[in-house]
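Peer 1: Residues per chain are reported as follows:
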Amino acid sequence: MHEMGVASSVLDAIRKESEGYPGEKASRVGLRIGEFVAVDPDSLRFCFEAILRSSDLAPLVLEIEWCRAGAGRRGDELEIAYLEFEELGEIVEVPT
Amino acid sequence: MNRVVIEKSILSENNRIAAELREALTASGALALNFISSPGSGKTMLLEKTLELLPAHTRVAVLTGDIQTDNDAQRLMRYGYPVRQITTGGACHLDAAMVEKHLGTWLPRGLQLLLIENVGNLVCPTSYDLGEDAKVVILSVTEGEDKPLKYPGIFRKAELMILNKIDLLPYVPFRLELARENARRINPSLEIIETSCTNGAGLGQWMRWLEARAAKKAAATVAVATG
Chain A
1 MHEMGVASSV LDAIRKESEG YPGEKASRVG LRIGEFVAVD PDSLRFCFEA ILRSSDLAPL
61 VLEIEWCRAG AGRRGDELEI AYLEFEELGE IVEVPT
Chain B
97 MNRVVIEKSI LSENNRIAAE LREALTASGA LALNFISSPG SGKTMLLEKT LELLPAHTRV
157 AVLTGDIQTD NDAQRLMRYG YPVRQITTGG ACHLDAAMVE KHLGTWLPRG LQLLLIENVG
217 NLVCPTSYDL GEDAKVVILS VTEGEDKPLK YPGIFRKAEL MILNKIDLLP YVPFRLELAR
277 ENARRINPSL EIIETSCTNG AGLGQWMRWL EARAAKKAAA TVAVATG
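Protein chains in written order, with the working numbering: chain A, 1 to 96; chain B, 97 to 323.
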């Protein structure tokens with residue numbers, strides 16, 4: 001249930017970020033998940049794919065970096081590290 | 097392809113709402129506490145005892161979260177203070193939007209204390225800021241002493257741990273000192289109070305902590321207001 005809520009928040013955040021990139025579409029998102037936030041990467045991936053399928057953001061590739069505390073990491077990260085955008089192609093009407 | 101570095105919390109929208117709530121509560125000088133624990137650790141009974149022991153003139157309100165039923169709100173309403181139930185309908189935690197929606201314009205004028213009882217869960221509620229001043233984690237002696245090690249997130253973020261149901265210590269193999277040690281390994285500055293809501297042990301200490309924390313918040317609010 002937790003991972004489903006997190007996955008849903010990821011999609012909401014991508015939609016919000018995408019507003020700043022008109023004419024482009026998010027194609028890849030990188031998340032940073034710390035060991036202390038108790039989010040299971042496999043469950044998150046499963047939930048993400050499940051809700052992505054019926055969303056306006058599909059297709060979208062998810063990458064997860066799992067962070068142990070130490071070496072500059074707090075271990076409580078629950079962040080979107082990056083987004084990749086691709087230009088939307090021009091819509092061409094096909095004569096019927 | 098265009099890669100954009102975001103470096104932003106996944107829960108940034110939740111955090112934005114929580115910051116607004118915190119600002120509103122701070123402006124009124126109210127102390128907000130977020131109570132987090134496993135199901136059955138005694139959150140609701142601790143809140144019942146708290147409402148019972150508060151001075152009668154205290155302006156306090158309670159939000160209580162559960163996946164289903166308003167049983168807890170029914171219990172807490174008996175003390176005559178405003179209480180609202182948040183039924184999450186499946187979600188395993190409260191989030192800031194739920195709190196905002198249920199607070200609305202309902203907050204009593206001059207509120208001094210807002211008690212938020214989260215859904216019983218040691219994991220998910222930890223990640224969601226509700227605009228509170230402090231998280232209070234409750235661990236009962238019917239659970240393992242290693243809970244702080246198994247669920248470090250909440251013990252790391254909490255300001256206070258209440259070790260509850262200590263009246264049951266003669267009947268359960270729970271090593272109090274080990275539980276304290278484990279909690280402090282995760283969070284060395286964690287304050288700890290031992291309580292029993294059945295025989296009243298430690299409740300005086302808890303109420304003094306609450307009074308001191310509320311006074312600290314009120315003083316900070318006055319300091320901000322007067323520049």
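Just so you know, the hints here were simulated from the structure itself, not pulled from any lab data.
Heads up, the beta-carbon is just placed ideally off N, CA and C, and yes, glycines get one too.
Please note that the accuracy of each hint is not assured.
Said to hold, decoys possible - Residues of chain B clear of chain A, computed beta-carbon distances all greater than 10 Å:
hint: 1; residue: Ser-108
hint: 2; residue: Glu-119
hint: 3; residue: Pro-204
hint: 4; residue: Pro-269
hint: 5; residue: Glu-287
Claimed, not checked - Per the computed footprint, the stretches of chain A lying under chain B, defined by three or more beta-carbons under 8 Å from a beta-carbon of chain B, are:
hint: 6; region: 3 to 10
hint: 7; region: 13 to 24
hint: 8; region: 30 to 37
hint: 9; region: 46 to 56
Peer 1: Compare the structure with each hint and give your call.
Peer 2: Each hint tested on the structure:
1. Remark: the non-interface label on B/Ser-108 conflicts with the geometry, its nearest Cβ contact in chain A lying 6 Å away (cut-off 10 Å).
2. The beta carbon of B/Glu-119 is kept farther than 10 Å from every beta carbon of chain A, the shortest such distance being approximately 21 Å.
3. Taking the minimum C-beta to C-beta distance to chain A, about 30 Å, the non-interface status of B/Pro-204 holds against the 10 Å cut.
4. Annotated as non-interface, B/Pro-269 keeps its C-beta farther than 10 Å from every C-beta of chain A; the closest such distance is 26 Å.
5. Consistency note on B/Glu-287: stated as away from chain A, and its beta-carbon is indeed over 10 Å from all of that chain's, at 20 Å minimum.
6. Look at the region 3 to 10 of chain A against chain B: 4 of its residues bring a Cβ nearer than 8 Å to a Cβ of that chain, three or more, so the hint holds.
7. Remark: the region 13 to 24 of chain A is confirmed as covered by chain B, as 5 of its residues place a Cβ nearer than 8 Å to a Cβ of that chain, reaching the required three.
8. Evaluation of the coverage hint for the region 30 to 37 of chain A: fulfilled, as 3 residues show C-beta separations to chain B shorter than 8 Å, against a requirement of three.
9. Chain B is given as covering the region 46 to 56 of chain A, and this is violated because 0 residues of the stretch bring a CB closer than 8 Å to a CB of that chain, at least three being needed.
Of the hints listed earlier, those the structure fails to meet are numbers 1, 9, in rising order.
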